[in-house]
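Trainee: Chain by chain, the residues run as shown.
2 protein chains.
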Amino acid sequence: MRRYYIKSEPVGGKVALDKKDSHHALNVLRLAAGDEMEIVTPSGDLFLARITDDKAGVELEVLEELVNESELPVQVTVACGISKGDKLETIAQKGTECGMYDLIPVALKRDVSKWEGKKAKNKVERLNRITEEAAKQSKRLHIPPVWDLHSLSDLLHLAGDYDYLLVADEELGHANQHDKLHEVLSRVQEGQKILALFGSEGGFERDEIQKLQEAGFQSCSLGPRILRAETAPIYFLSAVSYVTELAKG
Amino acid sequence: MRRYYIKSEPVGGKVALDKKDSHHALNVLRLAAGDEMEIVTPSGDLFLARITDDKAGVELEVLEELVNESELPVQVTVACGISKGDKLETIAQKGTECGMYDLIPVALKRDVSKWEGKKAKNKVERLNRITEEAAKQSKRLHIPPVWDLHSLSDLLHLAGDYDYLLVADEELGHANQHDKLHEVLSRVQEGQKILALFGSEGGFERDEIQKLQEAGFQSCSLGPRILRAETAPIYFLSAVSYVTELAKG
Numbered sequence: 001m002r003r004y005y006i007k008s009e010p011v012g013g014k015v016a017l018d019k020k021d022s023h024h025a026l027n028v029l030r031l032a033a034g035d036e037m038e039i040v041t042p043s044g045d046l047f048l049a050r051i052t053d054d055k056a057g058v059e060l061e062v063l064e065e066l067v068n069e070s071e072l073p074v075q076v077t078v079a080c081g082i083s084k085g086d087k088l089e090t091i092a093q094k095g096t097e098c099g100m101y102d103l104i105p106v107a108l109k110r111d112v113s114k115w116e117g118k119k120a121k122n123k124v125e126r127l128n129r130i131t132e133e134a135a136k137q138s139k140r141l142h143i144p145p146v147w148d149l150h151s152l153s154d155l156l157h158l159a160g161d162y163d164y165l166l167v168a169d170e171e172l173g174h175a176n177q178h179d180k181l182h183e184v185l186s187r188v189q190e191g192q193k194i195l196a197l198f199g200s201e202g203g204f205e206r207d208e209i210q211k212l213q214e215a216g217f218q219s220c221s222l223g224p225r226i227l228r229a230e231t232a233p234i235y236f237l238s239a240v241s242y243v244t245e246l247a248k249g
Numbered sequence: 001m002r003r004y005y006i007k008s009e010p011v012g013g014k015v016a017l018d019k020k021d022s023h024h025a026l027n028v029l030r031l032a033a034g035d036e037m038e039i040v041t042p043s044g045d046l047f048l049a050r051i052t053d054d055k056a057g058v059e060l061e062v063l064e065e066l067v068n069e070s071e072l073p074v075q076v077t078v079a080c081g082i083s084k085g086d087k088l089e090t091i092a093q094k095g096t097e098c099g100m101y102d103l104i105p106v107a108l109k110r111d112v113s114k115w116e117g118k119k120a121k122n123k124v125e126r127l128n129r130i131t132e133e134a135a136k137q138s139k140r141l142h143i144p145p146v147w148d149l150h151s152l153s154d155l156l157h158l159a160g161d162y163d164y165l166l167v168a169d170e171e172l173g174h175a176n177q178h179d180k181l182h183e184v185l186s187r188v189q190e191g192q193k194i195l196a197l198f199g200s201e202g203g204f205e206r207d208e209i210q211k212l213q214e215a216g217f218q219s220c221s222l223g224p225r226i227l228r229a230e231t232a233p234i235y236f237l238s239a240v241s242y243v244t245e246l247a248k249g
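Taken in sequence, the protein lines are chains H and W.
Following this note's numbering, the numbering of the first sequence begins with 1 at its first residue and continues without gaps.
Following this note's numbering, the numbering of the second sequence begins with 1 at its first residue and continues without gaps.
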């Protein structure tokens, strides 16, 4: 069934599609009064709705709330350094498919690429368009917001909001300490929040790792193979999904 | 330490680099007689070696075998339909990072893209170059071979070589049956072989699923969100790595 992401919450069980979606529903899909569709509200609820009026656009009445399990049982915030090329776009797109809750770009010392002024604004806008499109394609209700570029100290100010703070640190992989992620994922409870930070290609300076550790971040390895900057968050989210969605029984 | 992938096995503890690698070692890295390097043999063993002669190229003596844990404890063959654009390249590259053993492109009925004649040959050559480069970058010893395009019946002929046969089937995701992968991964033993088949964007025809099931393939879901064709194998390999490498204790 066709699904539309509406821009405002239903009032009194009624809501309208905007001009663009109305055009799509009426002229592309040829829906008409009496037809049903799924709507996702800005707060991420899913409803079955029926078209009541198709004259000046699509007006709908809400029929019932639908159960949807497309969101990870835990909230994972992906924070990542600024990599070259389109790597952040890959993280935005595939992270959304794999259940990422939101994405925070972070300026780290070893980043090869820098975002400044207008460029930062354009990049973030583009990443938000990517997560929106990917959320719709993967049938998620929640569209992961991409936040403005943070400094490392901005990020550290957010630490108190999370139950688990992790940093994916390649040097730990070298040291063959692979049990930290498992330790966290075997304890995590539904509804808890994880903040996971990933470096760019350049990784981290030791003083950044030290600041992170002082703020309560635990280093975790993602296995014995070196992962590219854009692959590491996908591996991480896949492991979270596997543990909390596939292996929960 | 610099690592070279040599083309022939050492004989009597001695081996030479080929012309290109010799040039790189001597003229780019400025190595000379007495310097040490790591070498990976065609059979995937890792050795420490020392340069004994640098006149007409690099000649080496093998010093000792090194322990390396960069290979997944289970062999995962990724078989996948022919997707559009560069999606198979993404699977080749990131699958290699995530520990894929080899890659089999399979022609499925709903593939949007077709490989025929010369095009198939070129595609497979290109994918082999990608897995080679990715294996070196992620410090793997084994370079995942990419096989020639298989028909579904070619693939079914290989089924007997594997301990587990899985097909990632989106319709199962819809039905909320998420426990099959966990069931398999909680039983799999070191050294066993998994063949996992993924559809292209178009997925599978029901008669293909039926043939697969008759050949012993089990359908498995990769969670409640719809994953793109190139994301599904990465999710799968990440889950295998998590279970067999990070959560094994």
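Keep in mind the hints are simulated off the structure, nothing from the lab.
Be careful, since some hints might not be right.
For chains that are exact copies, the list does not tell them apart, and a pair is met inside one copy or across any two.
Unchecked claim - DSS-like cross-link-like pairs, simulated, lysine-lysine; straight-line CA separation at most 27 Å:
(1) Lys14 <-> Lys180
(2) Lys136 <-> Lys87
(3) Lys84 <-> Lys248
(4) Lys248 <-> Lys19
(5) Lys139 <-> Lys119
(6) Lys7 <-> Lys55
(7) Lys139 <-> Lys180
(8) Lys118 <-> Lys87
(9) Lys139 <-> Lys109
(10) Lys118 <-> Lys14
(11) Lys84 <-> Lys14
(12) Lys14 <-> Lys193
(13) Lys84 <-> Lys19
(14) Lys193 <-> Lys211
(15) Lys248 <-> Lys121
(16) Lys55 <-> Lys87
(17) Lys248 <-> Lys7
(18) Lys180 <-> Lys19
(19) Lys123 <-> Lys20
(20) Lys87 <-> Lys139
(21) Lys14 <-> Lys121
(22) Lys20 <-> Lys109
(23) Lys139 <-> Lys123
(24) Lys248 <-> Lys180
Trainee: If a hint holds in the structure, say so; if it doesn't, say that too.
Mentor: Tested hints:
{"no.": "1", "hint": "Lys14 <-> Lys180", "in the structure": "neither (48 Å within a copy, 41 Å between copies)"}
{"no.": "2", "hint": "Lys136 <-> Lys87", "in the structure": "both (21 Å within a copy, 20 Å between copies)"}
{"no.": "3", "hint": "Lys84 <-> Lys248", "in the structure": "neither (37 Å within a copy, 34 Å between copies)"}
{"no.": "4", "hint": "Lys248 <-> Lys19", "in the structure": "neither (43 Å within a copy, 54 Å between copies)"}
{"no.": "5", "hint": "Lys139 <-> Lys119", "in the structure": "neither (30 Å within a copy, 34 Å between copies)"}
{"no.": "6", "hint": "Lys7 <-> Lys55", "in the structure": "within (20 Å within a copy, 72 Å between copies)"}
{"no.": "7", "hint": "Lys139 <-> Lys180", "in the structure": "between (31 Å within a copy, 22 Å between copies)"}
{"no.": "8", "hint": "Lys118 <-> Lys87", "in the structure": "within (19 Å within a copy, 31 Å between copies)"}
{"no.": "9", "hint": "Lys139 <-> Lys109", "in the structure": "between (36 Å within a copy, 25 Å between copies)"}
{"no.": "10", "hint": "Lys118 <-> Lys14", "in the structure": "neither (40 Å within a copy, 58 Å between copies)"}
{"no.": "11", "hint": "Lys84 <-> Lys14", "in the structure": "neither (46 Å within a copy, 41 Å between copies)"}
{"no.": "12", "hint": "Lys14 <-> Lys193", "in the structure": "neither (33 Å within a copy, 55 Å between copies)"}
{"no.": "13", "hint": "Lys84 <-> Lys19", "in the structure": "neither (37 Å within a copy, 32 Å between copies)"}
{"no.": "14", "hint": "Lys193 <-> Lys211", "in the structure": "within (21 Å within a copy, 43 Å between copies)"}
{"no.": "15", "hint": "Lys248 <-> Lys121", "in the structure": "neither (40 Å within a copy, 43 Å between copies)"}
{"no.": "16", "hint": "Lys55 <-> Lys87", "in the structure": "neither (44 Å within a copy, 43 Å between copies)"}
{"no.": "17", "hint": "Lys248 <-> Lys7", "in the structure": "neither (34 Å within a copy, 46 Å between copies)"}
{"no.": "18", "hint": "Lys180 <-> Lys19", "in the structure": "neither (50 Å within a copy, 44 Å between copies)"}
{"no.": "19", "hint": "Lys123 <-> Lys20", "in the structure": "within (24 Å within a copy, 40 Å between copies)"}
{"no.": "20", "hint": "Lys87 <-> Lys139", "in the structure": "both (23 Å within a copy, 21 Å between copies)"}
{"no.": "21", "hint": "Lys14 <-> Lys121", "in the structure": "neither (35 Å within a copy, 57 Å between copies)"}
{"no.": "22", "hint": "Lys20 <-> Lys109", "in the structure": "neither (43 Å within a copy, 35 Å between copies)"}
{"no.": "23", "hint": "Lys139 <-> Lys123", "in the structure": "within (24 Å within a copy, 32 Å between copies)"}
{"no.": "24", "hint": "Lys248 <-> Lys180", "in the structure": "both (19 Å within a copy, 12 Å between copies)"}
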